[in-house]
Amino acid sequence: MAWLLLLAPLSSAFLVWVALRRHPRASQAVSITASLITFLTALGIALGRIEAPASLAWIDLPGLRVEIGMTLDALARLMLLMVTGVAFLIHVYSLGYMAEDPGRGRFFGELSLFLASMIGIIVATNFVMMYIFWELVGVSSYLLIGFWFEKNSAADAARKAFLANRVGDFGFLLGILTFWATCGTVAFHPEAARALAGNWLAPIVGLLLFCGCVGKSAQIPLHVWLPDAMEGPTPVSALIHAATMVAAGVYMLCRIFFVLELSPEALSVIAWTGGITALVAALIATQQNDIKRVLAYSTMSQLGYMVLAVGCSGTTAAMFHLTTHGFFKALLFMGAGSVLHALHHEQDIWRMGGVGRKMPLTFVTFGIGAAALSGIPGLAGFFSKEEILQVAARSQPVLFWMAAFTAALTAFYMTRITLVAFLGQPRTDVVRHAKESPLVMGLPLIVLAGLAIVAGYPFFGIVRYLGGQEAGENSLLVPAASLTAVILGLVAGAIGYGRASREPIAIPLFQRKFYFDEIYDWTVLKLQEESARLLSWIDQWIIGFVLVRGGAFVVSLGGEVLRLVQAGNLREYAFVFALGAGGLLFLLFGR
Amino acid sequence: MSPLTILLVVEASAIGLILLGAPARRVSLVAAGVNFLLSLWIYAQFPSGIGGWHFVENHSWIALGALPEIRYHVGVDGISLPLVLLTTLVTLAAIWVSPTQIKRAGEFYSYLLLLSLGALGAFVSLDLFFFYAFHEFALIPTFLLIGIWGTENRQFVSLQLTLYLGLGSLVLLAGIIALLGVLPAEARTFDIPRLTEYLRDNPISPRQQLVPFALLAAGFGTLVSLFPFHSWAPFGYASAPAPAAMLHAGVLKKFGLYGLLRIAIPLLPGGAEAWKPWILALLLGNVLFVGLTTIAQKELPAMLGFSSVMHMGYLFLGLMCWNALGVSGVVLLMVAHGLSAALLFAVAGEVRERAGEISFAELGGLARRMPFVAVAFLVGSFASVGVPGLANFPGELLIFFGAWKSQPLITAVVIWGIVISAVYQLRAVRSVFYGDLPQHLAETVDVEGSKRIPYALLMAALLILGIWPGTLLGVVGPGVKEFLSLY
Amino acid sequence: MEGFLFWFLAVVLLGSAVAVVVNRSPVASALSLVTTILALAGLFGLLGAYFLAAVQVWVYAGAVMVLFLFIVMLLDLKAEEAAPIRTLGMGAGLLTVILLGAGFWHAIPASAWEANGARAEEANNAASIGHLLFGAYLLPFEAVGLLLLVAMVGVIVLSKRDV
Amino acid sequence: MGTPTLGHYLVLSGLLFAIGLAGVIARRDLLIMYMCLEIMLNAANLSLVAFSRFTQQVRGEVFVFFVITVAAVEVAVGLALLVSLYRMKRTTKAEEITALKF
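Residue numbers (the UniProt record's numbering), protein chains in the order written: chain F, 1 to 591; chain A, 1 to 487; chain B, 1 to 163; chain G, 1 to 102.
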């Protein structure tokens, strides 16, 4: 039964790919059914009705056994439920959002492929299986970002995403290989990892594996692809680049925590990477004008939070925040998508204004999501962020203060986009003619808004499900600091943008995203391009010309010389032949 | 009669029929189809779980005084069977994608069949003489196919390729002679299993192995385009007509690797050990040097040619580490690379023919006009980049695992190749199929109808082997185990 | 007696062979060739191969030489008036004779100079050849017969003006 | 003048062969070259017969029989070729027939 989790979306993807690409209605039906089946299966698993099946041997050779199996522990069950639930809602939402796109058959097929790969990551029983599906989510993300492949920007963004992920995966694979070489297995066996304890390889393995997370979860310095990935259709941004795939990095860290915890050095590097990412992304978010980009940087920043939590040994906190963030970030993106849908894909918040009055449902749900993200008490985000700040305060005080400052920034930029986009007067004609989105898009918003409100409360049981909070004393300083931060952020946002009709402050460093793209253009890309060109030149001229053609030239020179002899004159041939024969006689019969 | 002989006879008689004036395309399609089904039958009948030779046929052929006896000795084991399957499948696809209207059709199709016959013969031969002769035999149609039906600069390219490969074969021949030369006279034989047995029981001293191994490695290496003996490959493939490039890059090139795997390394382990550092250094050249060179290519076929050279680096790595994981990976990757290279070259041929352009700067946005071709190219690209779910991934993975314990640094550098290959392959996707559609390509038409079948076959094979490598590993694993236990 | 005959025939043989080479007129060359062949037939007889001697005379002197003369007449070839044998060609020829002759001499093993075996069964010479031809060498014999047929067809095809 | 030995015959055969070859080299007329070829064949025959006699085997003579037959065939075909060449080129000079294809 549990195999349905993988088989349903896979067969849906295959069916659409082979037969239904040209039949949008059929492929929608197939894909949504598949996602519903996975959700129900996940529910069955969470309720304990469905057991994990026996593993199949995928590769079984002396020295390496790779299984395809299913781990269905609490961690996986929670993640499954969140992913399949959000995925189902987004499938439904896409019905409305993509209604006019001629290529939506393909779109739903690719969504199914993504869903299957994501589930594969969640249930993986070993490193190789995780790597397989890890790569596959990369592929489906590539396909979906490049869904509108005619757009140059979308095509470039897709490629950038795949390559950045590949760089991370390179480290991930090296980490897997090192782990296997030291521990003799690729399975997630905490006992097997004992071979690493106290070994000088432990931090190296941990950090190499972390590389995978850096790529997938858009941590600095491999984060550059995430904002560009917003070129994909908005449901994709909501599902893949906000709620699920990018969170897979954090999930992976929790899954392999038994390796990470062997090395405090690796953990603190992870914590610092997360903290810095959270802060930098939040700073950039304050100055972006594209509504989806603000949300993208916000996602990055929240992922930084989660990574920070893992680095401070707070896997429960990380997973808690991952789940709630999945709900409200999907909500925010779908809300933004609803606005874009109504405004004919106008993404600049300064060209909106007053959308709230035209689209009340979207406004209310978006507002709930924004409030949850900002960490306003009583909503899901408040509880989970609180957990993270607690673990940070316990082990990395400096990072705690950075995180608290980030919380203020979060509240600030969410206030900014809500005020600028939804309140005030309409600034363009498109807004004046906007209409509320259809019900298929509205319903998922309502469901997610509900979840964004309640998911954090203890009665909802996420933390309990994960086995309770990390041990340790909760300090009172944390809620105080975070509340102050939120209030400061809200007030600053309200003051700055309450009546603004254009950007009151301009900080180029933040607008240009800390110049990461420029730096990469100038270093990595240029370096690689130039060296490629140089090597190609060497290949063509030194190897291809001097060596190969030089050799050919010597041979053909010899040929030219010999040609003088081979003039086609029979008698000359006979003479040379006679000389040779005579010579041979002397040579062979020497006495 | 062994079914392997039937495989050879079917192609030979198809060539005969074509020469007698039968409709070339139909006859060769039927022959290739029959062979493909027959090889599937052989695969189904192949005893699982046991290594060793099967479907053996062994007759004396010719015995000349001082020369060791030459025997017609054929058979397959878990290593050569996948290559036979690869050959028949790619042959079928290559013949199928060939243009229906082509000048001198009879010759064209018989050369394709001849090329396939040579490769097939080399893979099933257990006699060194036939092993060598079949491959040599296949070089002739390669030359003619490029020389007559090739595109840009075909005269020069076909000559260069043939001279290069001929020279490689010559060095190889010298290597075989040197190998037999270091043996005592009574042990000299062309029979590969007997040679293997003899050398297992009476190993020759490592010093004596140095020269024969160097010659064999250089000869086979040239045939597989080991850096820096690779110059023939990229432009040869770029200029070859698509079916010829499919068959050569996909199938015939594997002969060199197969020879290293079957002859050079196992028979001369001491030589292999001594030359290992050199080969490791050269294969880095394949992955890094050629990999980066590939990035700088400006035309689709040349880029595919370079990329095919680059991927040979992985295979050399798997061979040099010489353990069950690595060698199984090599067999898998040989098949997978054959399939993906065939698919990509077929698409490149389609693009060249339908769009009339090959340079990246002139192409773009073709996915809108030719969605099927775009999908095929995407699948081929993902396969060659090593994405899971497609056949190349398990092969590469096994090679990495096999090589990691003994050569972690080199392996790490080679793994960086997965990033390099993603860079150039996705750039090709981007600039040929994505983005704006230029005016002059607005009328391009997609592949339709039964012409899609060969692409579908190749994609299906890639998918099946990628999703469940066990389909081949069930045969390869025991075969490799038995094979390695012989030494 | 045998010694004398040998030396006599040897001198005639070589002399007429040189005459074939140096004669300007093709007719003279052809006639010298006949002499060569007759001398050779004599040598065969001296060696006891009477049957072959007879065949030599019939086939060569009879058939082949007639063919040669016939062609010479047919093509109406004149002596090479304008350019006889060039000195270069002459030198090359001489060099060849010296080099090859010395080479052969050099190559003959010492034992050959002592070999002075008895004659083979003279009486049954033709009979034993016949037995071999129709026994052990039957297949080559038939093949040669086929070859003759093929040659005949070939010659007809070649000499027809328009095929 | 004692009885000739095998060596004598062999030297005689070698010299005859050399003269024939010299003729092929020195003469420029294809017809004469053909005659010289015949001389060379006959030289070979002589050594075969001599060997046959001095080793008391008839097999060598059988071989000569075949050689004579094949030589007759060769002359017939060769001369036919010569005639058609002459028709085409109006010459039988070897230097003037240098291209391997027409």
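If you are wondering where the hints come from, they were derived from the structure by calculation, not from laboratory data.
Certain hints may be false.
To be verified - Derived coverage of chain A by chain F (criterion: at least 3 residues anywhere in the stretch with Cβ under 8 Å from a Cβ of chain F; other residues may be distant):
no., segment
1, 21-30
2, 216-223
3, 352-360
4, 448-454
Stated by the list, open to error - What follows is a set of in silico ranges between Cβ atoms, one per label pair, in the way DEER data are often shown:
no., chain 1, residue 1, chain 2, residue 2, range
5, F, Glu150, A, Glu152, 44 to 50 Å
6, A, Leu19, F, Glu560, 36 to 42 Å
7, F, Glu560, A, Leu20, 57 to 63 Å
8, F, Phe577, A, Glu152, 54 to 60 Å
9, A, Lys451, F, Glu436, 33 to 39 Å
10, F, Leu562, B, Ala28, 37 to 43 Å
11, B, Ala136, A, Leu19, 54 to 60 Å
12, G, Val70, B, Leu69, 34 to 40 Å
13, B, Leu148, A, Leu20, 54 to 60 Å
14, F, Phe577, B, Ala136, 31 to 37 Å
15, G, Val67, B, His106, 45 to 51 Å
On a predicted model such as this, the values are computed, not experimentally measured, just so you know.
All residues carry an ideal CB built from backbone N, CA and C; glycine is no exception.
Evaluation of the provided hints:
1. 21-30: violated (count 0)
2. 216-223: violated (count 0)
3. 352-360: violated (count 0)
4. 448-454: violated (count 0)
5. Glu150/F <-> Glu152/A: 44 to 50 Å: 30 Å, violated
6. Leu19/A <-> Glu560/F: 36 to 42 Å: Holds: the Cβ-Cβ distance is about 38 Å, inside 36 to 42 Å.
7. Glu560/F <-> Leu20/A: 57 to 63 Å: About 43 Å separates the Cβ atoms of Glu560/F and Leu20/A, which means 57 to 63 Å is violated.
8. Phe577/F <-> Glu152/A: 54 to 60 Å: Violated, since Phe577/F and Glu152/A (Cβ atoms, about 43 Å apart) do not stay within the stated range.
9. Lys451/A <-> Glu436/F: 33 to 39 Å: 49 Å, violated
10. Leu562/F <-> Ala28/B: 37 to 43 Å: For Leu562/F and Ala28/B the Cβ distance comes to about 39 Å; the hint holds.
11. Ala136/B <-> Leu19/A: 54 to 60 Å: Hint violated: Cβ distance 38 Å, outside 54 to 60 Å.
12. Val70/G <-> Leu69/B: 34 to 40 Å: For Leu69/B against Val70/G, whose Cβ atoms are near 21 Å apart, the range 34 to 40 Å is violated.
13. Leu148/B <-> Leu20/A: 54 to 60 Å: 30 Å, violated
14. Phe577/F <-> Ala136/B: 31 to 37 Å: 34 Å, holds
15. Val67/G <-> His106/B: 45 to 51 Å: Taking Cβ atoms as reference, Val67/G and His106/B lie about 25 Å apart, which means the hint is violated.
Hints 1, 2, 3, 4, 5, 7, 8, 9, 11, 12, 13, 15 from the list above are not met by this structure, while the remaining hints are.
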